[in-house]
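**Q** Okay, here's what each chain looks like letter by letter:
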Amino acid sequence: MTANSPGVITSLLPSEPALIEARAVRRTFADGRVEALRGVDLVIAAHECVAIEGPSGCGKSTLLHVIGALDAPSAGDVSFRGRSLSTLDNLPAFRARTVGFIFQTSHLLPTLSALENVQIPMFEMPWSARERTRRALALLDSVGLSDRLHHRPGQLSGGERQRVAIARSLANGPELLLADEPTGSLDSDNAAKMLALLRAIHADRRLTLVMVTHDAAVASNADRRLHMRDGAIVADSARPPLLEPGTIA
Amino acid sequence: MRFPTLVLRNLLQRPTRSLLTIGGIAIGVAAVVALTGLAWGFESTWARVYTARGTDLVVIKSGSLSPVPSAFSRDQIRGLETLPGVTQVACMLSDLTSIEDAPVVLLSGWERQTFIWNHLDLVSGRWPGSDQEREVLLGTVAQEMLGKGVGATVQIESARFTVVGIFESPSLAENGSVVMTLPQLQRVLDQPGKINFVNLTLAPGASTQQIADVRRAIVERWPGFKVFAASQVADQSAAIVVAQAMAWATSSIAVVLGAVGVMNTVMMSVAERVHEIGILLALGWRRRRVLSMILGESLALSVAGGATGVAGGSAVMLWLQHTAMLRGKIEGELSLSLMAMAFAIAIGLGIVGGLYPAYRAASMRPGDALRHV
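These protein sequence lines map, in sequence, to chains A and B.
In terms of this note's numbering, the first sequence opens at residue 1 and continues consecutively.
In terms of this note's numbering, the second sequence opens at residue 1001 and continues consecutively.
There could be a bad hint or two in this list.
[Unchecked claim] Sample of chain B residues facing chain A (criterion: CB under 10 Å; computed from the structure): (1) 1002; (2) 1010; (3) 1285; (4) 1286; (5) 1316.
These are calculated hints, taken from the structure and not from any lab test.
Idealized CB from N, CA, C, for every residue including glycine.
Isolated chain B, as found in the complex (with noise of 0.2 Å):
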């Protein structure tokens, strides 16, 4: 027999709180796993966004805390496209709102003949004609969450649009879009002239000392505005900044129940086992192997609930971005780290729920526990 059999056949002496530990240590792994995934998901998202786009910078306005930045006049920014080692400006306003039967989409209104279109692959249908038109494209996403193709009619807020295409990008919170031009979302959402997000291109292989020059040289001359790097945009979003706090504050009280659930387990497992220690401790147990044998048994749940949490966190994970709420806006990111992360923090669990009870059940004196009935 070998030592690791010994601590598996004393977890396996009480079946039933064996298995309800390593279940309450596999939901706090799992809400880990899960709910990390899907906010380090969020981010790398909505950063694919702008990087799809082939956008270098990102300009909005400063001191937005709503999860759009706050739209400004077009007119603010005037004078932006002639700023040297920019060659390409394109204007947006975004908004997210519930079209139909869809709870929350991306609405998006573009300037027409500007970059931003490029990066789109028109699936079925055409571009939007003119500024003039109701017409929008859906995102193959949203073509399925509104179950709407080509040539069917939409409402957006107040206003009947005409889908006249479906396009793919690479960017999944695009594909769950709804796009149109800017004129016709200024006029839905009812602000004339106003635009939240300016993309910007820079020379190909513009040195990091002039993308810094391009940054200041915004900063200087338009106060108020904030200059980010495309893969940035989605550190300075409000929604991500907060999704990614719950998502922090949700799992950490999830992992110190299961501390909690651990120490339980195994305090109650030495409460009970006095006597079985102090034989242990009078057959010449040297303490720090009844040290061992404790701490092994609060390994083996956390190992056991860890690899339970992971599997049940990936799994909770997949099916909630396919939910309705999150389907097309948030992709999951199941890596390897995010696995590690939550191994590690199973790990820790075992060692900080189990090290007082065994340090405990290493103290005693074996003559006192064995007079314990």
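Okay, chain A solo, but in the shape it has when bound (with noise of 0.2 Å):
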């Protein structure tokens, strides 16, 4: 445990190889006065399926983030498969093969249809025109949006949307699947349903989920739940508390 890390050191599962390492990690905003992440360990191991829960502002989202390589931390570092991403020399390839991203709203571009919208990761990857096209409409066809291929995000309900931004952060076949508040903008009905499919997706996949949410009932759909207070994760459901009960509230 380092000095600054007020909760547990989470580490991995004995049987499975870790997928990401964090250690020490900070992130600090505007100049440093903000705080976000405060001595951040952690490792998640391949085809977890892991929960970030915590009050708004806890530094959960900045989390997901500098996992993702969105961000950097300011201080301390994170690896994929042992490899530091600081030393990666190039990130987006990282991002556009290797991870999937889920928003909270769904982040569709407007402009273009469901199908098109699956696309939009692919250009990345060598594949001409028509294979893009065909791996989006399986996508969307496992998402069960086939009917819905031409239609735009405004033409979709809350929950197709989200269903497209799924088959969208699957286009390129991750590793590792990221969802920052899944089921925030979602009814009840759909939000369940979104967690299936997600809980689905990573059966069928055997990729790594790690989704961030507020809600302690949809953190209970994962396999393991971390829970963060102030910039730090104060408890790891894949291990006991190290602390003397008391001490983490």
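Could you fit the two chains together into a complex? Lean on the hints.
**A** The following block contains the structure:
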């Protein structure tokens, strides 16, 4: 445990190889006046389904961005399969080929159809337009939207838009799926369907799923739950707390 | 979906702004086409006046800055016809003046019995009878502008002339002119014995060296005069030089405004789409691809604006040359090279206007862009 980590050091399950490893990760904003992450240590194994939960502003989205190489830590290090992200020459290629992102709101491009939106990440792959279309059709079919291919985001329901976003996140066959409040903009019925779909994808594709949520009910769908507060992980369901009861609160 | 489809869809997302930008570029390009086409046409129209006459060399007084060269006494260049290599000499006096309802007309007085009459084709009527008669010939365009036919009278300055013939010339500028004998125009302009152009022909097949020798001989013997090849006279005209300078200046301003318009549009587009660009970066787009997308949008606007501008500018130029002010004086030059130049300017506008916003977009950090609301 680091001196600045008020909670627990989380570690991978003994049987699984480490996919992501964060060591003493700090992230500050506004010239250091705001400390979003305060020395986070975290290990996530391949094929895990992890929920990072906590109140708004606790740093969980920032942690997700750092894990997904969208943001660089101000201090500390994040590695993927043992290689530090800071040493990667081509972070866009890492994001394109290894990571899939799902955001709270779908963030689909409004002028493109569902079929075209799913193809956006595929521009970074050496695929022809025909191949891109073929793959996008298969992905939309897998999320149950084969009858909405040519609908634009404005013509789709909130649940359908999120399913398009899921299909887009899978476009390049990622190993790691990062979901930032994936049910945050959905009603409870659609949220339940979304979670079921994410679990099915996790199982079928054997990828690693990390989702951020402020909702304990959503987090309960994950195999492993990490609780964050004030920029630090304070509880990990994978292992018992190291601190005495009462010191976390 | 192909990449250009995405670029076009982005532009269609804000149709009004895209159309306004295309309009701004089109105006700039149209200004280049119309003004440059008229300036080039101005030059070639007047160059054709001399070449149509069969003139090899033109002698004018040096130091003249007015659109029409200064007049000088015929006696000042006496002996010109005896220079070795010179075969014919034809003196003339020209001026630009307003005649009746026509705003500006080229008025020329030519020495009778000289070669410069030979290229005219008499459409109707006859040639002027003598130096003493108040008679004029009208070019076909001048006839239309003045609405006069053979037998009609026309008021020039304080004198009334009879139209005795209508002629057609290979030169548009001459077709818009009024021609009379030299002594008659000298009387009308109150410049007895004065001329302002001397047309020379040289022996057929004269070599470049022989032409240069004649030019040097004239300048040495008659200091204060300039000699030009007929095709170069237009380049020496103060009016043409000023017209070209004005066309260049006006076009440049239009082009700069076009570039600012493109940059403004693309900058605003980037500023409004920071989050969207963050998404694209998060999805793994390389910076070069983001740069290509924004620059592609800028170029697409420029191509559309360039095409519209070339078409619009051509139409405006064709319309302008038929207005009362320009008819018979300028025949716009709408060449492929002018269109290519204008289109290249449009593409340049796209690159210049789009490069900085594209660089800004491509330089964003995905995490920062995603936090942007």
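**Q** Could you run down the list of hints and mark each one as holding or not?
**A** Going through the hints against the structure:
1. 1002: holds, 5 Å
2. 1010: It holds, given that the least Cβ distance between residue 1010(B) and chain A is near 7 Å, below 10 Å.
3. 1285: holds, 6 Å
4. 1286: The hint holds - residue 1286(B) has a Cβ within 10 Å of chain A, the shortest such distance being about 5 Å.
5. 1316: It is violated, given that the least Cβ distance between residue 1316(B) and chain A is near 34 Å, above 10 Å.
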